[in-house]
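Protein chains: 2
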Amino acid sequence: MADLNKLLTPLFLNEGEIRKIIELLFFSYRDFTEGPDKVLEKINFGRAHHRVIYFVGKQKNLTIKELLSILKITKQSLSRVLNQLVNEKYIILSVGEDKRTKKLILSKKGQELEKRLSEIQIKRIRNVLLKFNEMDINGFKKIMYEMVDEINR
Amino acid sequence: MADLNKLLTPLFLNEGEIRKIIELLFFSYRDFTEGPDKVLEKINFGRAHHRVIYFVGKQKNLTIKELLSILKITKQSLSRVLNQLVNEKYIILSVGEDKRTKKLILSKKGQELEKRLSEIQIKRIRNVLLKFNEMDINGFKKIMYEMVDEINR
DNA sequence: TTATTTAGGTCAGCCATATTGACTTAATTA
DNA sequence: TAATTAAGTCAATATGGCTGACCTAAATAA
Numbered sequence: 001m002a003d004l005n006k007l008l009t010p011l012f013l014n015e016g017e018i019r020k021i022i023e024l025l026f027f028s029y030r031d032f033t034e035g036p037d038k039v040l041e042k043i044n045f046g047r048a049h050h051r052v053i054y055f056v057g058k059q060k061n062l063t064i065k066e067l068l069s070i071l072k073i074t075k076q077s078l079s080r081v082l083n084q085l086v087n088e089k090y091i092i093l094s095v096g097e098d099k100r101t102k103k104l105i106l107s108k109k110g111q112e113l114e115k116r117l118s119e120i121q122i123k124r125i126r127n128v129l130l131k132f133n134e135m136d137i138n139g140f141k142k143i144m145y146e147m148v149d150e151i152n153r
Numbered sequence: 001m002a003d004l005n006k007l008l009t010p011l012f013l014n015e016g017e018i019r020k021i022i023e024l025l026f027f028s029y030r031d032f033t034e035g036p037d038k039v040l041e042k043i044n045f046g047r048a049h050h051r052v053i054y055f056v057g058k059q060k061n062l063t064i065k066e067l068l069s070i071l072k073i074t075k076q077s078l079s080r081v082l083n084q085l086v087n088e089k090y091i092i093l094s095v096g097e098d099k100r101t102k103k104l105i106l107s108k109k110g111q112e113l114e115k116r117l118s119e120i121q122i123k124r125i126r127n128v129l130l131k132f133n134e135m136d137i138n139g140f141k142k143i144m145y146e147m148v149d150e151i152n153r
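Heads up: the protein sequence lines correspond to chains A and B, in order.
Take 1 as the starting number for the first sequence in the working numbering and just add one per residue.
Take 1 as the starting number for the second sequence in the working numbering and just add one per residue.
Keep in mind the hints are simulated off the structure, nothing from the lab.
Be a bit skeptical, because a hint or two may be false.
Note that the list lumps identical chains together, so a pair holds whenever it fits in one copy or between two copies.
What the hints assert, rightly or not - The calculated EDC-like cross-link candidates involving lysine to aspartate or glutamate, where the alpha carbons are at most 16 Å apart (straight line), are:
# : residue 1 : residue 2
1 : K123      : D149
2 : K141      : E17
3 : K131      : D149
4 : K42       : E88
5 : K109      : E150
6 : K142      : E23
Could you build the full structure based on these sequences and the hints that come with them?
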């Protein structure tokens, strides 16, 4: 049965091939976060701060609840990071139309940091993509998209 | 200049498109590690234990030094995790030919855990790849490979 | 209108993963 | 014989998570 399976499995679905992908995911994610991490370290922030800045930058007037559901962490975890970002004026809070909610936006300072951090990753990815044609890139994007849980897409 | 750049930049290299990839990397990595994490939690292990088990399983008779260079963590960080794995008999140590070194191998118990954890990720990836043709998969693999720092490939 | 739910906040304690720095032992190599 | 290497250990620290308990204020449902 095992032998039969091996015969019928296309090469690219072989366990060995898939294990290569597992490793690529691990190494590429590690290398991908390394650049911003170094910048963040200098201002005593961490990866968690980057995530918050990234998503607040992306969606202006995000609420706390929305941010929590994107990051999938508890509000207690978010609070330390967010309070630091607010205290140090990277993020500005305002009251929402529903007065229980708060809207988050990046300050000028926050936008600058966001840009500085994301640019590292954007350049990195752009440099990779430049080496490939549209067909390869389409395959990459489609498959990456499917790699995310349906619920989170 | 900015406008000219936009005109000359192929669509798939637009900042917006690249930001989508940044997000896909974040979400896919998170979802990718979720399954094993849940299993590990039950036996009071974490993601770090999985990494050690994975690479020891991959390369029999790995030395501590080699493992450290793959994981890129300090030996102090590794020690807690590795000692737990050795104490709980998932990993067996033996003295290398160079008697300063130690060789790491998975015990039967370790192999079983490795299989259980990796199978979650293998199935996940296989299910994704099954939806695509060889062309897409090739693009995906080639680009993922380039996403890893040259030094680490 | 009152009761319930929701959004957000906070305190306390805990755990996992990582770091730096200092120091030791034993084996190998120059 | 001296220097280097592989591994191990102790201590202190940072970061990023978690649970549980509890609070306030605002919106919504009964």
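Evaluation of the provided hints:
1. K123 x D149: Answer is between: at 13 Å across copies they meet the 16 Å cutoff, but 27 Å inside does not.
2. K141 x E17: Between. Shortest inter-copy distance 10 Å satisfies the 16 Å Cα cut-off; intra-copy 19 Å does not.
3. K131 x D149: between (28 Å within a copy, 15 Å between copies)
4. K42 x E88: Cα proximity of K42 and E88: one copy only (14 Å, versus 39 Å across).
5. K109 x E150: neither (35 Å within a copy, 33 Å between copies)
6. K142 x E23: Cα proximity of K142 and E23: across copies only (13 Å, versus 19 Å in one copy).
When the structure is compared with the earlier hints, a violation turns up for hint 5 alone.
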